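So the protein sequences, as listed, match chains A and B.
Each residue of the first sequence is one higher than the last, beginning at 1 in the working numbering.
Each residue of the second sequence is one higher than the last, beginning at 1 in the working numbering.
Any given hint could turn out to be false.
[Unchecked claim] Computed cross-link-like contacts, DSS-like style, restricted to lysine-lysine with a CA-CA straight-line distance of at most 25 Å:
1) A:LYS135 - A:LYS77
2) B:LYS70 - A:LYS70
3) A:LYS65 - A:LYS135
4) A:LYS33 - B:LYS65
5) B:LYS33 - A:LYS68
6) B:LYS70 - A:LYS33
Since the hints were made in silico from the structure, they are not lab data.
If you're wondering where the values come from, they're calculated on a predicted model, not measured in any experiment.
Protein chains: 2
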Amino acid sequence: MSIADDFDLQNFLPYLLNQAAEVSSLRFQQVYKDRYGMLRTEWRVLFHLGIYGKMTAKEIGKRSKMHKTKISRAVAKLAERRFLTRHRDGADRRLEYLELTEAGQRAYRDLRQVAMEYDSALAARFSDADMATLKRMLRTLASDAA
Amino acid sequence: MSIADDFDLQNFLPYLLNQAAEVSSLRFQQVYKDRYGMLRTEWRVLFHLGIYGKMTAKEIGKRSKMHKTKISRAVAKLAERRFLTRHRDGADRRLEYLELTEAGQRAYRDLRQVAMEYDSALAARFSDADMATLKRMLRTLASDAA
DNA sequence: CGTTGTTAGTTACAAAACCAACTGTTAACA
DNA sequence: TGTTAACAGTTGGTTTTGTAACTAACAACG
Chain A
1 MSIADDFDLQ NFLPYLLNQA AEVSSLRFQQ VYKDRYGMLR TEWRVLFHLG
51 IYGKMTAKEI GKRSKMHKTK ISRAVAKLAE RRFLTRHRDG ADRRLEYLEL
101 TEAGQRAYRD LRQVAMEYDS ALAARFSDAD MATLKRMLRT LASDAA
Chain B
1 MSIADDFDLQ NFLPYLLNQA AEVSSLRFQQ VYKDRYGMLR TEWRVLFHLG
51 IYGKMTAKEI GKRSKMHKTK ISRAVAKLAE RRFLTRHRDG ADRRLEYLEL
101 TEAGQRAYRD LRQVAMEYDS ALAARFSDAD MATLKRMLRT LASDAA
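Work out the full structure: start from the sequences and follow the hints.
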């Protein structure tokens, strides 16, 4: 009972997912951290704006599932560093449109390149079929844990 | 360039892994948090001791890849709640053996049951072959990001 | 209009994580 | 032995996150 239980942590999916996520995030983190002093929340906001263009904090929240306070702080940091600008909506003055500056777009394109190369390096360790299976399953798991 | 870029965040493996990990951890977190007021670090330490039996903080660190300060604080909390006991090694007095108390083992067995049921529920959404592929790939990714 | 409810976003405070320096102990080896 | 290095584990101070309450603006409906 107290020694050598047969439950295996390495087979417990949430644990395994966390380990894989942590390890695989590390190298990319080093780049956006060392190169731009960004946090995870910040590169995510940067990427959302880089990919989809101008949008509000609310929309970023819906797409990324990040909490609005995290987004608010990430936006403040990115604005302070002149990576994005904020524009109030004329009709509904609660809304604020966020848009990358030239500097923000340069940072985005730079990091996007790193991300793509890193993703390819990770994918190279597996067959195309396995990668497709993996991504499909991860998307299912991410969309809602049964 | 600024609008509708073609990079897809949902295909960037580190991002996708994080999303899946976060969502799939949530339900289990609710149980150990609501039922025992534990943190993630604490259930991990509890499980390591429940599964492998008596060991030192150092060994837990090696197996779990958690930083020693996290482990130290989790152990302190678990000891305070009488879920584990600490015994100095007679020969090398730097070492401290950690072992679950009866209460600790009860908590472990309770949570292990929850974990197993949750894992089964997650697995039920996929074929056995796909689950095997998923776990194999996650283990590869967790062991070292190329 | 005016009250009540809802929404977008921010701020304040507490909880947790991170990093570096620390204590106490053993090992290495001149 | 004596000195220096290495190791197990802890503590302190800062950063980051989480939670809840807040402000400012709009909407619904009497």
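Against the structure, the hints come out as follows:
{"no.": "1", "hint": "A:LYS135 - A:LYS77", "verdict": "32 Å, violated"}
{"no.": "2", "hint": "B:LYS70 - A:LYS70", "verdict": "23 Å, holds"}
{"no.": "3", "hint": "A:LYS65 - A:LYS135", "verdict": "18 Å, holds"}
{"no.": "4", "hint": "A:LYS33 - B:LYS65", "verdict": "21 Å, holds"}
{"no.": "5", "hint": "B:LYS33 - A:LYS68", "verdict": "23 Å, holds"}
{"no.": "6", "hint": "B:LYS70 - A:LYS33", "verdict": "22 Å, holds"}
The structure fails hint 1 only (numbered hints given earlier).
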